[in-house]
Amino acid sequence: MKKYNLFFLLSLMIFFASCKKDLTDPVYPDNDNLENIQVPSTFNWSTGQNVIISIQGLPTTIPIKSTLSISLIDGTVLHQRFHAMDLDATIEVIIPKTETQLLLKYGTAEYQVAIVNNQVTFSFIPQIQE
Amino acid sequence: MKNFKKSLILPLVISFLMMAGTNIKAQVTLDCESGIKEIEVGNCWGFGATGYASIASYPSLVITGSYSTRSNSLTNLSLSACWIKTPWLLVGNGNITFQTRLDGNGNGVSAKGIILSYIPYDAGASYGEGTAVQFYTYNFPAFNVTTIRDISAPIPVEIQNSTTPYKIWVSYIGTGGNQRAYSDNFIFPGTYWASPPACTPLAFFQDADNDGVADSEDNYPNDPYRAYNNYYPGVSQYGTLAFEDNWPNKADYDFNDIVVNYRLNTITNAQNNVVEILGKFVLRASGASFQNAFAFQLDDITPDKIISTSGNSTGVSPIFGFESNGLESNQQFANCIVFDNFFNVMPHPGSGTGINTDKSAPTVPYDTLDVNLVFISDGNPAPGGTVTINQLPSSSFNFYIISNQERGREIHLADKAPTSLANDALFGTGSDDSNPGAGRYYKTSNNLPWGINILQGFDYPIEKALVNEAYLHFIEWAESSGILYPNWYSNEPGFRDDSKIY
Chain A
1 MKKYNLFFLL SLMIFFASCK KDLTDPVYPD NDNLENIQVP STFNWSTGQN VIISIQGLPT
61 TIPIKSTLSI SLIDGTVLHQ RFHAMDLDAT IEVIIPKTET QLLLKYGTAE YQVAIVNNQV
121 TFSFIPQIQE
Chain B
1001 MKNFKKSLIL PLVISFLMMA GTNIKAQVTL DCESGIKEIE VGNCWGFGAT GYASIASYPS
1061 LVITGSYSTR SNSLTNLSLS ACWIKTPWLL VGNGNITFQT RLDGNGNGVS AKGIILSYIP
1121 YDAGASYGEG TAVQFYTYNF PAFNVTTIRD ISAPIPVEIQ NSTTPYKIWV SYIGTGGNQR
1181 AYSDNFIFPG TYWASPPACT PLAFFQDADN DGVADSEDNY PNDPYRAYNN YYPGVSQYGT
1241 LAFEDNWPNK ADYDFNDIVV NYRLNTITNA QNNVVEILGK FVLRASGASF QNAFAFQLDD
1301 ITPDKIISTS GNSTGVSPIF GFESNGLESN QQFANCIVFD NFFNVMPHPG SGTGINTDKS
1361 APTVPYDTLD VNLVFISDGN PAPGGTVTIN QLPSSSFNFY IISNQERGRE IHLADKAPTS
1421 LANDALFGTG SDDSNPGAGR YYKTSNNLPW GINILQGFDY PIEKALVNEA YLHFIEWAES
1481 SGILYPNWYS NEPGFRDDSK IY
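Residue numbers (this note's numbering), protein chains in the order written: chain A, 1 to 130; chain B, 1001 to 1502.
Fair warning: there could be bad hints in the mix.
Non-contacting residues of chain B with respect to chain A, defined by C-beta distances greater than 10 Å in every case (computed) [claimed, not checked]: (1) S1080; (2) Y1121; (3) R1149; (4) G1177; (5) A1214; (6) D1299; (7) T1386.
Non-contacting residues of chain A with respect to chain B, defined by C-beta distances greater than 12 Å in every case (computed) [as the list claims (entries may be wrong)]: (8) S66; (9) Q80; (10) A114; (11) V116; (12) Q119; (13) V120.
What the simulated footprint calls covered on chain A by chain B, stretch by stretch (three residues with Cβ under 8 Å from a Cβ of chain B suffice, anywhere in the stretch; the number is not a length) [to be verified]: (14) 48-60; (15) 100-113.
No lab work stands behind these hints, which were simulated from the structure alone. Even for Gly, the Cβ is constructed at its ideal location relative to N, Cα and C.
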């Protein structure tokens, strides 16, 4: 009988304790979890990344000027300029951090270029496979 | 100028005019003195099993200057074994000339020679190269001497003064032995007619507005004052800015006090100067009782670079002053107030704390503001002069809100600098841990922000729902500096709790 009484008493306490919590604690956000996280001080809180594209020009036989465009791989154009091929250029774009490559077009030529440490380097001087 | 239709060819026209004025006969040369074969290849020369030899390595064989070409051993009669190929030319008349020598190696019994061919343009062929036609052969009289030979090959009558492009193909052939050929001082009568880097023949193109940009590449082919669209984050993409408005005090991190979608198009001309900015701002939610404003600064761009501002929603709030060009007064850099009070643009639905953050309250349709900043009007820049596209990258757009009609209480994205009108006294108070001297702004002591920028768009949390409870990988994303779960905002299985997202 004692066991039953104790069980009954405990059940009653749990029941009322639960009721009290439900009735007196409106749902306020508990942001302790978020406030206690350790975020690197350099994090920019953006899903984007700043990418610097450094372009090396090619000394050309004749003046060559055409449209230089920077796009995402899916073709989304981000930046365009009228560019003399013999000039160097530095271009900054902000793109989704999930992107690892960019598409560089000059006239009718297209190049896929890799993003490494938020940098892209490209040269109009071709690399020759001997 | 509009609708002035004409055909132009690449700036080669300038070369023609110069040649006409000075009566210089057109010719294309290769003297190898760049010393970098890659530069020649970039200019559409071709080399097969033939490189550059320097005088440092081959002092007795380089023909003139510091470099000559050097073939592999001439042991093959195929024209494709060792060769040099010109870029596309409009061939002239006269003789193709160059100098050549063998390396004097006496091994084996050899026969060595050079064959010249011309290659017509054939758009359907690989590299546009039609069938080669041989027109000149030279046989070295002796293979074991290094005597310099002067080659002079008449251009065939059928391609003289051509109006269609050709390449000239110089092939080195031989049998036996292992002798190599060195060559230098190539002169090809004619006009360079290649278009690097694709190396197709130069082509006529249409340029209706005569701004120098081909119609096929010009986003505004009939407007001489505009050439290119430059979108951020993309032509068919909106980014989302989500702010907490309680700075410098503790935020509740539902990131819905101001939620605005944005898409910016920076339009430039053929000189790469900014003509105008078209900003599309979609007001989505304000889960706040504060009457907040939203603005952006163009970092490092002074207000006198802008002629006019239009399309924004201002004039109600008394806390903002404006210059005649529509930008905010007393600012070092250009500041555009997009709206001076969210509630003036989107009405409160009558119930709930804010707008579009409480699912039990009526939804208010989004409102879009098309904001236009003009830098150049009909070709005329603002009094402060022009701004190049390089001076205005996407990172120059410094978005912020002004909290509850208190002008100095600006809230920017993390580490974005405040404007001239921010109240510096607020830095370091409340939960803010800014350190202006170190360029640290709008972060708590453990680097939490009051604003986030999601380039791909963002379904924001409902009122009082923590962003990390709505998005289950938000914390991993933040703690990893964006490396883990870079797509935390997406609607993938296990990524979010839809009950906490509006």
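Exercise. Hint by hint, work out which the structure violates, then give me just those numbers in ascending order.
Key: Hint check: 5, 8 and 9 fail, others pass.
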